[in-house]
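Asks: Chain residues, written in single-letter form:
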Amino acid sequence: AQNAEEQFSVQNQQVVVLSETVAATQQQVQQLQESYYEIMNANKIFVDEILHLQKVVKAQHQVNNELINH
Amino acid sequence: AQNAEEQFSVQNQQVVVLSETVAATQQQVQQLQESYYEIMNANKIFVDEILHLQKVVKAQHQVNNELINH
Amino acid sequence: AQNAEEQFSVQNQQVVVLSETVAATQQQVQQLQESYYEIMNANKIFVDEILHLQKVVKAQHQVNNELINH
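Chains as they are written, first to last, in my numbering: chain A, 77 to 146; chain B, 77 to 146; chain C, 77 to 146.
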């Protein structure tokens, strides 16, 4: 059987490895959060462009109607 | 050198801190997953609006062609 | 009070549970990263379709102007 000193050493290494894994995971989560903000900014632009296109297309529809009835 | 009791105490604190960090990371991941579902819902709306715009623009193109050839 | 052997056993279980939680968190982060790439691909298509619609709508606007001035 291991003595307390050896058991401590083994467990200490496990905690060190685990700490490193957690730090790496946190960095990935941080990057994903930054990516999320980029996506939200892109989505705002999509909403603006789609709303603008809807407005222009609606105006053209009215022009077409006037041209047809002319 | 530390005795087993002291080593246990130090390592126990490390495990407590690590547990808290992991819990915080999991909460961030949970929020990112909810954000992902929101993005997916927004994207469905974008697809619908873009498809609708394509349909309307195509119909207007045909009206324009008829007006030109008239 | 516990002896070193018992303390080691309790802490060992904590480290095992923590390792499993970290592994599960990493898997969730991996899936979120894949979801992010899917969103980025969808966004590229959105950009292309919106740019195409803007082009077509602009061309139709010019046709409309010519029809009105005709």
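Treat the hints as calculated values from the structure; they're not laboratory data. Heads up, some of the hints might be wrong.
[To be verified] Looking from chain C toward chain A, a few residues come up when the C-beta cut is under 8 Å (computed):
| no. | residue |
| --- | --- |
| 1 | Y112 |
| 2 | I115 |
| 3 | N119 |
| 4 | I121 |
| 5 | H128 |
| 6 | V133 |
| 7 | A135 |
| 8 | N140 |
| 9 | L143 |
For glycine and all other residues, C-beta sits at the position ideal for the given N, C-alpha and C.
Asks: Does each hint fit the structure? Answer for all of them.
Replies: Status of the hints after comparison with the structure:
{"no.": "1", "hint": "Y112", "verdict": "holds (5 Å)"}
{"no.": "2", "hint": "I115", "verdict": "holds (6 Å)"}
{"no.": "3", "hint": "N119", "verdict": "holds (6 Å)"}
{"no.": "4", "hint": "I121", "verdict": "violated (11 Å)"}
{"no.": "5", "hint": "H128", "verdict": "violated (11 Å)"}
{"no.": "6", "hint": "V133", "verdict": "holds (5 Å)"}
{"no.": "7", "hint": "A135", "verdict": "violated (11 Å)"}
{"no.": "8", "hint": "N140", "verdict": "holds (5 Å)"}
{"no.": "9", "hint": "L143", "verdict": "holds (6 Å)"}
Going through the hint list in order, the structure does not satisfy hints 4, 5 and 7.
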